[in-house]
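Q: What follows is the residue order along each chain.
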Amino acid sequence: MKYKAQIFLFIALAASLGVSLCAGNIDDYFLDILLNVGINVTLAVSLNLVNGHTGQFSLGHAGFMAVGAYGASIVTLQLGDHLLQIFGGGSIATALTFLIALLVGGGCAALSGWMVGMPSLRLKGDYLAIVTLGFNEIIRVVLTNTSGDGPFGGALGLKGIASYTNFFWVFGVAAVTIYVVSTMVNSTYGRGFLAVRDDEIAAEAMGVNTVRYKVIAFVLGAFFAGLAGGLYAHFRSTISPEGFNFLKSVDVVVMVILGGMGSTPGVIAAAILLTVLNEWLRDFEQYRMIVFALILIVMMIVRPQGLLPASLFQRKKKESA
Amino acid sequence: MSAKLELDNVTIQFGGLKAVGDLSFTINPGELIGLIGPNGAGKTTVFNLITGVYVPTAGRISFNGISLPGHKPHQITRIGISRTFQNIRLFPSLSVFDNVRSAFIMHLPHGIAHALVRGRAFHDEERELESDVLDLLDIFGLKDAQHTSCNALSYGDQRRLEIVRALATKPKLLLLDEPAAGMNPTEKEELMKLIRFIKGKFNIAIMLVEHDMKVVMGICERIVVLNYGEKIAEGTPQEVQKNPDVIAAYLGADHEVVGGAAA
Amino acid sequence: MTLTISYQLFLEQFVQQLLNGLFLGSIYALIALGYTMVYGVLRFINFAHGDVFMLGAFSGLYLNKWLAPMLTTLPWPASVALVLVLSMIICGALGIIIEFLAYRPLRDKPKLNVLITAIGVSLFIEYTCQLIFGATQQPFPVLIPKSNIAGIGGLTVTNVQVIVLVTAFALMLGLRFIVMGTRLGLAMRALSLNPTASSLMGVNNGVVISFTFGLGSALAAAGGILYASLYPSIEPFMGITPGLKAFVAAVLGGIGNIPGAALGGLIIGVVETLVAGYSQSLGVPSGYKEGVAFVILILILIFKPSGLLGKVEREKV
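Residue numbers (our numbering), protein chains in the order written: chain A, 21 to 341; chain B, 989 to 1251; chain C, 1222 to 1538.
Simulated from the structure, these hints should not be mistaken for lab results.
Quick reminder that beta carbons are idealized off the backbone N, C-alpha and C, glycines included.
Honestly, I wouldn't trust all of these hints.
Stated by the list, open to error - List of simulated lysine-lysine pairs, DSBU-like, C-alpha gap at most 30 Å:
(1) K1060/B / K1189/B
(2) K268/A / K1332/C
(3) K1510/C / K268/A
(4) K1189/B / K992/B
(5) K22/A / K1060/B
To be verified - Residues of chain C placed beyond 10 Å of chain A at every Cβ, according to the derived structure:
(6) L1230
(7) F1231
(8) K1286
(9) W1287
(10) P1296
(11) A1299
(12) V1301
(13) L1303
(14) I1317
(15) L1327
(16) A1418
(17) S1502
(18) G1531
Claimed, not checked - Taking beta-carbon pairs under 8 Å as the criterion, some of the chain C residues facing chain A (in silico):
(19) F1265
(20) K1332
(21) N1334
(22) L1336
(23) Q1351
(24) I1353
(25) G1508
(26) Y1509
(27) F1515
(28) L1518
(29) I1519
(30) I1521
My request is simple: use the sequences and hints to build the entire structure.
A: Below is the structure:
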């Protein structure tokens, strides 16, 4: 079907809105897990664009998430009242205010994605991983050392962020992320990402501007991570620099690896699986990261292509075509 | 406009090593030229200089009147020079179809937004492009293999696919880096036929680096011989074969080139 | 007159910071050597290296506890040497085991897979240690009775600092001897230049790789004990930050280059200490020193990716 992608997006958005309107009937604990799932899906699918499709191993996704979370929170904390007044109050005004906050957060994250992406273009593999990790650390260090009563709140972070995040926003953003990443990759234009991943020199020789592709991947990946950060901040109401450390980045990397690098359905499934697993292991917090670490090691030795690798879906599509 | 490639006193130095020195030659539109020389003579370096992988230390390279140094490899491909690699560089995770499709990216009139909006124009464009890819695969007998992973192809087919992919960029000059390497005699015969066919069908200039003298002497109209990065001879296959400098470079003694250097 | 005094004060402060940086930097250098050696033979970053450093500190703590009856009968230099050497042996063995279990199965796999495994190994060690040793800070025993050495002018230098510096340099010289003067060292160098050729020339690559891991891990363990002697409070995650900084040091010196790693370590230590020392007078929180190494990393990768002493590697087309 020709407009399959648009129909998916429309249905997903409508369904999110529908569920959101009757979210009062959902058990609080269950809703909490659902929102976590949605935010993690956004994070994993956007990181997959960078790490999976484009083959640029980034270890700094939590850094972009932090930029988005702080950007969006500062907008609602500092300007929220003004914006609500301008838009005239009511739920539409809240929605517009939140939308602006999210976009500002995403925009700041995209800008930092561009800033990290540009110098990193010459780097590959391990070097890129370390530089992105370094970026993650720099963000954390800078935020921690800001003044406690300034807009960034220092080491304690920000409190009292309005709880604007609901089912619609979380799953709406997740749906848009999935739409953008999959439509982009599944086009002739998008083959460029895979070409860059497979062989940069050959890609250049085929007229593919590898620099542009890598920058697009970094900027878009960071943008969606920023949106996820904004959603997270307005979901938890408090954020601190420690919440966006290297381990948070590793969480997202584990989702991408477990699902299968370059496989959007696989990565979505892994994000759901690991978020739920996280909940189950809540009482065994001290074992959780040991399990995650073992997943990484065992996957690399036994099944490096992930549980649901991209090739699985390619073949299926061809048979049905 | 003539799509003529001109190298004028091109030199490149890596540290203290002069890989190519004062090299000048011309490729005229529609010409089939061979670039030969002993191992390490700088043949692949010449390709890398033309395609923008390296920037010359001195000298001029121009194509179609455009000065090439300073352009990125992808820009040079857009200017109209395409290449294959000595060690095959296909996109291993992509299918045969997608390998060729990736070379069409540069012809796309629209960018990323187009792919995101997915309107009617996008679908029309993709369909048209698909039939172009399939036509090209069909010409080279790879249409039936379009869905297979390019790794699953035979060695000869992989070499062929790499040539098809390079042609998909619609070049005016095609550079082939050791296209016959690793092929058996039958495959080499087919390759010679294929190169002649491409030249006729697409009306482009071709330069090939090749060690197999039978292939080079069999199809090239003109040959440039390199040794230690410098041109030691240029001329028709017959002229080059008789050139004493060439014979000395290859064998260091008075043997006939064709018989001995093919190995 | 006042100008001369303040100038002298400034100079004293500066030299003091420089010395402090040198002590810290010598430890970074020890850790950086492990990164560089492993990179030299296997071309990958052993993410878990910082955790071996942490294990070194913990084995020092426990050895000191278990061997207490014997250690008390020895003069302190002998007991320090004993704890140091035993920890180095334990961690060297652990390094060999880690390589054998986690990295060896991936020998011919893409480098990215090995990197991901290394991250996994690192997390596994950290959280397993948290389970065993607990998450809280533990005091590190006083191995060296502390005393101030009266320096020139107003400088304060403790004997611990001097011992750290001397030990670190002695170990680096020892490493240099092993790499440049022994058959195994020759095999290591051959392997790092061309693995295929070295195995054709009769080098048992597996053994050499194990040896390299063992050697690097032993140096990291020594670094852990020296670090804990300077900052006597240890916990399972203490290896992350020094590990990352030491990695930056290795890149700064030119990864794969042994003297480069030592030089890089010293530079990072000094720069970081200077930033911390002078940030207050500039009105900046001293916490920013934690970010210094990464800023250096990004700058070096932009302007001189091969590092100070490294060679340029070109991808063959």
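Q: Indicate, hint by hint, whether the structure satisfies it.
A: Against the structure, the hints:
1. K1060/B / K1189/B: Judged against 30 Å, a Cα distance of about 29 Å means the pair holds.
2. K268/A / K1332/C: Distance of about 23 Å is within 30 Å: holds.
3. K1510/C / K268/A: holds, 22 Å
4. K1189/B / K992/B: With Cα atoms ~19 Å apart, K1189/B and K992/B stay inside 30 Å; holds.
5. K22/A / K1060/B: Not satisfied, since the Cα-Cα distance of roughly 37 Å exceeds 30 Å.
6. L1230: holds, 27 Å
7. F1231: holds, 25 Å
8. K1286: Given that every Cβ of chain A is farther than 10 Å from that of K1286/C, nearest at about 23 Å, it holds.
9. W1287: With a cut-off of 10 Å, W1287/C remains clear of chain A, as the shortest Cβ separation is near 25 Å.
10. P1296: Non-interface label stands for P1296/C: nearest chain A Cβ at 41 Å, farther than 10 Å.
11. A1299: holds, 38 Å
12. V1301: holds, 33 Å
13. L1303: L1303/C is indeed farther than 10 Å from all Cβ atoms of chain A, at 32 Å.
14. I1317: Holds, because the least Cβ-Cβ distance between I1317/C and chain A comes to about 17 Å, which exceeds 10 Å.
15. L1327: Non-interface label fails for L1327/C: nearest chain A Cβ at 6 Å, not farther than 10 Å.
16. A1418: holds, 24 Å
17. S1502: S1502/C clear of chain A: closest Cβ-Cβ about 16 Å, beyond 10 Å.
18. G1531: holds, 12 Å
19. F1265: holds, 6 Å
20. K1332: This hint holds: K1332/C lies near chain A, its Cβ roughly 5 Å from the closest one there, short of 8 Å.
21. N1334: holds, 5 Å
22. L1336: holds, 5 Å
23. Q1351: holds, 7 Å
24. I1353: For I1353/C, the interface hint is violated, since the closest Cβ of chain A sits about 10 Å away, which is over 8 Å.
25. G1508: holds, 4 Å
26. Y1509: holds, 6 Å
27. F1515: holds, 3 Å
28. L1518: holds, 5 Å
29. I1519: holds, 6 Å
30. I1521: violated, 10 Å
Of the numbered hints given earlier, the model fails hints 5, 15, 24, 30; all others are met.
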